[in-house]
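Letter by letter, the first sequence follows residues 17 to 571 in this note's numbering.
Please note: incorrect hints may appear among the correct ones.
Taking CB as the label site, the calculated pair distances span [unchecked claim]:
| no. | residue 1 | residue 2 | range |
| --- | --- | --- | --- |
| 1 | Gly392 | His526 | 20 to 30 Å |
| 2 | Pro211 | Met239 | 11 to 21 Å |
| 3 | Gly359 | Pro39 | 49 to 59 Å |
| 4 | Gly284 | Lys440 | 18 to 28 Å |
If you're looking for bench data, these hints aren't it; they were derived computationally from the structure. Glycine included, each C-beta is placed from N, C-alpha and C at the ideal position.
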Amino acid sequence: MKNTISDLLTAALAQACASGELPEVTAPEFVVEKTKQADHGDLASNLAMQLARPCKKNPRQIAEALVAQLDTAGGVIERTEIAGPGFINFFLKPAAWLAVLPQILASGETFGQGDAGAGQKVLVEFVSANPTGPLHVGHGRGAVLGDTLARLLEFSGFEAPREYYLNDAGNQMATLGKSVLVRARQLKGSDEPFPDNHYKGEYIKDLAAELLATPQGAGLLDMPEAEAVSLAADWAGAGILTGIKDDLAAFKVNIQSYFSERSLVGGGAVERAFEALSQRGLLYESEGALWFKATEFGDEKDRVVKRSNGEITYFASDIAYHLDKFNRGFTGLIDVWGADHHGYVPRVKAALAGLGREPDELTVVLVQMVNLLRNGEPVAMSTRGGEFVTLREVVDEVGSDSARFLFLTRRSDAQLDFDLEVAKAQSMDNPVFYVQYAHTRVKSILRKAAEQGVALPDPAATDLSPLSGEAEVALARRLAEFPELVQGAALALEPHRVTYYLHELAGAFHSYYNACHVLVEDPALSAARLVLVLAVGRVLANGLGLLGVSAPEKM
RNA sequence: GCCCUCGUAGCUCAGCAGGAUAGAGCAACGGCCUCCUAAGCCGUAGGCCGCCCGUUCGAUUCGGGCCGAGGGCACCA
Numbered sequence: 017m018k019n020t021i022s023d024l025l026t027a028a029l030a031q032a033c034a035s036g037e038l039p040e041v042t043a044p045e046f047v048v049e050k051t052k053q054a055d056h057g058d059l060a061s062n063l064a065m066q067l068a069r070p071c072k073k074n075p076r077q078i079a080e081a082l083v084a085q086l087d088t089a090g091g092v093i094e095r096t097e098i099a100g101p102g103f104i105n106f107f108l109k110p111a112a113w114l115a116v117l118p119q120i121l122a123s124g125e126t127f128g129q130g131d132a133g134a135g136q137k138v139l140v141e142f143v144s145a146n147p148t149g150p151l152h153v154g155h156g157r158g159a160v161l162g163d164t165l166a167r168l169l170e171f172s173g174f175e176a177p178r179e180y181y182l183n184d185a186g187n188q189m190a191t192l193g194k195s196v197l198v199r200a201r202q203l204k205g206s207d208e209p210f211p212d213n214h215y216k217g218e219y220i221k222d223l224a225a226e227l228l229a230t231p232q233g234a235g236l237l238d239m240p241e242a243e244a245v246s247l248a249a250d251w252a253g254a255g256i257l258t259g260i261k262d263d264l265a266a267f268k269v270n271i272q273s274y275f276s277e278r279s280l281v282g283g284g285a286v287e288r289a290f291e292a293l294s295q296r297g298l299l300y301e302s303e304g305a306l307w308f309k310a311t312e313f314g315d316e317k318d319r320v321v322k323r324s325n326g327e328i329t330y331f332a333s334d335i336a337y338h339l340d341k342f343n344r345g346f347t348g349l350i351d352v353w354g355a356d357h358h359g360y361v362p363r364v365k366a367a368l369a370g371l372g373r374e375p376d377e378l379t380v381v382l383v384q385m386v387n388l389l390r391n392g393e394p395v396a397m398s399t400r401g402g403e404f405v406t407l408r409e410v411v412d413e414v415g416s417d418s419a420r421f422l423f424l425t426r427r428s429d430a431q432l433d434f435d436l437e438v439a440k441a442q443s444m445d446n447p448v449f450y451v452q453y454a455h456t457r458v459k460s461i462l463r464k465a466a467e468q469g470v471a472l473p474d475p476a477a478t479d480l481s482p483l484s485g486e487a488e489v490a491l492a493r494r495l496a497e498f499p500e501l502v503q504g505a506a507l508a509l510e511p512h513r514v515t516y517y518l519h520e521l522a523g524a525f526h527s528y529y530n531a532c533h534v535l536v537e538d539p540a541l542s543a544a545r546l547v548l549v550l551a552v553g554r555v556l557a558n559g560l561g562l563l564g565v566s567a568p569e570k571m
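With the hints as constraints, model all of the structure from the sequences given.
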C-alpha cells in the first residue's frame, strides 16, 4: 500500500514538473508512512517538505501542486488533505484495506514472505558455546535470536543456514579433560584437591563416573597423564556436545552444521589464512610471537595470531574460520555473540579487511545478558562455583514457547529480565499466552461456526463491504502491514519487532472480539467477519511460526 | 585512561530510514460475563524522552560535550 502511494506521488511529481507547475527537480528521498492519528488519514507523506529546498517554494504550495496531479482514478484513495507544515495526508477507501483479506487467505502460510534477499546466501552463526558444559540461559537467548533471525531471513528470500562453531581445540578442552580426570581420581579415593580455574560443575563428576564405567575409560588412571587428559577431554567433549544438541532440539533450534575448530587447524586452513595475510605484508614477528597488523584497519592495537610458545590463538582460527565461510560462497555473514565479546568486533573486522573483504560483509549481532528471576528475586548463579541454571532446566520448567517468546521481547542489545514465574503464568503478565490466546479464539469461533452448521466462506467470493466498522478496517490495515514488518525485522536483524507486532495485533483482535460478535444472524455480515477472523488467525499463526512458537487450537 | 552499548510513565520496555498532540504491558483506581473461552475487554491517572550545545522548516531519533549505568580493553577462549 505504501508503495502504491509512493508510486502515485512520484508520478504526480513528474507531471507537475512536466507541466511547469514545479521546477525540474530530481525526486528527493521521501517517506510514506502510516499516521499516528486517525484525523491525519491512513498514510502521510513528507514529499512536499522534502521538495521545499530544491524547488525554493513553500511546502504547502508544492503539496497543492502535487495533489492536483495525483491520479486518484486507481480507486484506493478516497481523499487527500494538506496539513501542518506540508504533509500530504491520504484517506484511503476501506475497500483498499479489506482487499488484503482474501490475499492473506490465498497465500496461507506464505503470506508475509518477501524476496528482499533475492536468494543471497548468508550464514547465521550462533550459540557456538564451548563444549565444556551444558548451555545456560544466556546461550538460550542467543540460540533463539540466531534461530529466529535465520527463519526471518529465509522468509524474506535469503538462504540462511545456521551454524555452530565448535571450539574443540585449544586449552579449554585440556582443562575439561583435566577436570574430568581429577574427579575420576577423587572417585577412586584420591584426596588431591580440585584445581582452581577448572570446571567445577556437578556434571563433571557425573561424566567422570560414566567414563570410568566404560571399557575405554577403565584404564584411565593407569595411563600417562597426557594420554588420560586427552582421552577424558575427547570423551567428555563428545558427551557434552550430545547434550547440547539435545537441549537445542528441545528448544526447537535447528542447526544445520557444526563447524569444528580442530578441523580448521588440522586441515591447514589457519596456515593458509596466515599465507593470505602474509602476502599482503600484514604479519610480522615480534617478541617471539607472530602479529597481525590490525591497527592498519582501525583496531586499537596489533594482535597476536601465534604465541611465542608456538600455539595459535583463538583469533587466528577465527580468521581462518571466517575466511572459510566466504570460501563457501556466502555473501553475508551474521555472527551472534555475547555482548561481553563486543570488544572483539573491530579485531575480526580488521582481519576481514586484511583478507581483502569488506568489513560490512560481517554483521555481529550482540546479545546482552539474561537476569534470571523468580518472583522478582534474582536466582543465584555463580559460574565460579559451577552453579548455574541450565537452559534445559528453564525449558523444562516453562516450556519452549514461553521461553522463546520472552527471549524475543527485548532488543537483543538490551539486558533482559527473565522471570520464571512470569514465564509460567497463564495471565496477562505473560505476553506469549496473550498472543496464543488470540489465536485460540479464532479457532474457537471456527469450531462454533462448524457446530452451528455455518459454512466457511470463500474469501475471494465474499462481499467484504459489510466490514464497515472502524475496528474492522483498522484490523485489516494492521494485517496488511505484516509483510513489510517482517521484511523490516529481517533486514534490520531485529526479531523483537515481530513479537511486538503480534502483541499489538492480538490486542486489537481481543478488543474486536469483545466488541463484535462474528457469528451473527445476517449471513452476509457473518461471512465477511469470518473472512476477517480467518485472516487474523492466519497472520497470528505465520508470525508465531516465524518465532518458532506454536499457534494452539485450544488453551 | 581509552573504546562499545544504554539513560523514554512508579516498574519493565517499544518508538520502524528525523516529522504533526511520545506508545504498550505491569503496578494503582473505576467499570463489563444469562452472549463465539473473562488466560479477555472498556475507562481514569501517570512524562523537562538524563543535561547542555549544534545541524534542520522540524530532533526522543542525527553530531559534539557533560552526567549516570553496564560491559570491554591478554601471547584467555
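Quick rundown of the hints versus the structure:
{"no.": "1", "hint": "Gly392 x His526: 20 to 30 Å", "verdict": "26 Å, holds"}
{"no.": "2", "hint": "Pro211 x Met239: 11 to 21 Å", "verdict": "19 Å, holds"}
{"no.": "3", "hint": "Gly359 x Pro39: 49 to 59 Å", "verdict": "51 Å, holds"}
{"no.": "4", "hint": "Gly284 x Lys440: 18 to 28 Å", "verdict": "51 Å, violated"}
The earlier numbered hint that this structure contradicts is number 4, and it is the only one.
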